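Taken in order, these protein sequences are the chains called A and B.
The opening residue of the first sequence carries number 1 in my numbering; numbering runs sequentially from there.
The opening residue of the second sequence carries number 285 in my numbering; numbering runs sequentially from there.
Honestly, the hints are just simulated from the structure, not real lab data.
There is no bait here: all hints are sound.
Subject to a maximum C-alpha distance of 27 angstroms in a straight line, what follows is the list of computed DSSO-like cross-link-like pairs (lysine-lysine):
1) A:K247 <-> A:K220
2) A:K247 <-> B:K410
3) A:K22 <-> A:K101
4) B:K410 <-> A:K220
5) A:K106 <-> A:K22
If you want the ones that stay clear, here's a sample from chain A, every Cβ over 12 angstroms from chain B, calculated:
6) L4
7) L21
8) T131
9) R166
10) A259
11) M271
None of the values given here were measured: they were computed from a predicted structure.
Cβ coordinates follow ideal geometry from the N, Cα and C atoms, glycine included.
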Amino acid sequence: MTTLLQQLLREHRAELLADWLKSLHAPWEHPTPQDGTHHEPNQRLHALFEDILTALERPPSDRFELDALDPLAKHLRQLVADQARRGAGSSETIGLMLSLKRLISKRLIEQSPSDSSGDLLWLEQVFEQLTLLAFAAFLDIREHLITQQSLSLLELSTPVLRLWHRILLLPLVGVIDTGRARQITESLLEAIARHEARVTILDLTGVPVLDTSVAQHLMKTIDAARLLGTRVVMTGISPEGAQTLTKLGIRFADVISRATLRAGIAEALLMVGQRITSIEDGRP
Amino acid sequence: MKDRLLDEPFASGLVDGRVRVLVGVEQDVMSACRQARQLAETLRFSRTAAYHIATAASELAANLLIHAGGGLLQASALLNPTLDGETLGLELLAEDQGPGIADLALALTEGYSTGHGLGCGLPGVKRLMDEFGIESRPGVGTRIRAVKWL
Ligand SMILES: Nc1ncnc2c1ncn2[C@@H]1O[C@H](COP(=O)(O)OP(=O)(O)O)[C@@H](O)[C@H]1O
Ligand SMILES: [Mg+2]
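Here chain A stands alone, though its shape is the one from the complex (with noise of 0.2 angstroms):
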């Protein structure tokens, strides 16, 4: 048996999808027009709206389920995704689905008064599904963006300290890449020079991972240090970051390495020939 609705969207495809478009206006109309996209966002409209019709021709049920990998929900997390990310809220991917409900259901209603009832729940059931999954879509989305551009954020600049007379303290924070590896090499090849410094600690408790790449590139920072007469302790290697480093088969030859920042700075003082103590220990 066909149902009401399901011959209506047959019959009346075209002109549905006509008005869904014509409906939806300002940010649909005007997508980046520079670089030539501009019908990209229609053909994910096309793709959306062919899903959703596909869904509603299903025969109607008291319960609308989607499966994760139905490529209606994919879609829908497509547009979600797009519309996350040139910033808007997630009205307007709700609001654009709820504009096509409001559509189908005017036509539905005029052509049927009486009998549309069923129709018209499981209409509603239908949106309501797909309304609830872009909502979690966009919270999801929002959620990846944030991380990464936080951080991104983390990843910028690399003061080099001075702790004591002689003793430098570089704490590296976030990813190190060729780029900054090279600035830190600079700012810290720099410092050494200009404070005569004669030990320097490089903490590595912020760095997320030790792999060959960053450890390349610390080796080269510590031989560099070196050349200009000052020693290396490293200090922040995690449990599991040590133990990586012993898979991968790396060693850094000659450089002292303490567990904690503190050890580390106990052991750099006693370099240079300090201690600190409590003052009841220093008496004599």
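Following the hints, put chain B with the ligands in place on chain A, whose structure we already have.
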């Protein structure tokens, strides 16, 4: 024409227990590393195992960039098809259409590098992960698969 964009949920990102990163610049290597670690943590690998996985992902992605001029790195959950989708492990897959590796044994030798690297990447990945396999055809490309069981 089928619209290819629609088939790819994201150019990169975490979707349905899977991470895909197109590696083309150095930033992508970091991103692959970060996302592989995130996936491992989501799948409840221990801190150490997640660190190992992240490092392996980073090594494979760096090799794609340096030795193959780019490629695709994927990390995915391996699910048990019989039980209710319980997670069994995590698979890393690195694929490229680069020059290939002529001598696999040599490439896996500690300290061997055709570039300016330490030559510890591939043997390291093999030790960091539980399973490791390379297929490579000179002039065609390379495909490396590594698995860590949960
Ligand atoms: N995807 C790849 N395509 C071609 N050659 C590769 C690839 N990955 C690794 N190799 C080869 O294997 C060698 C060893 O790799 P690896 O152990 O990571 O050391 P490194 O990257 O430091 O050179 C590389 O120098 C390179 O010759
Ligand atoms: Mg390598």
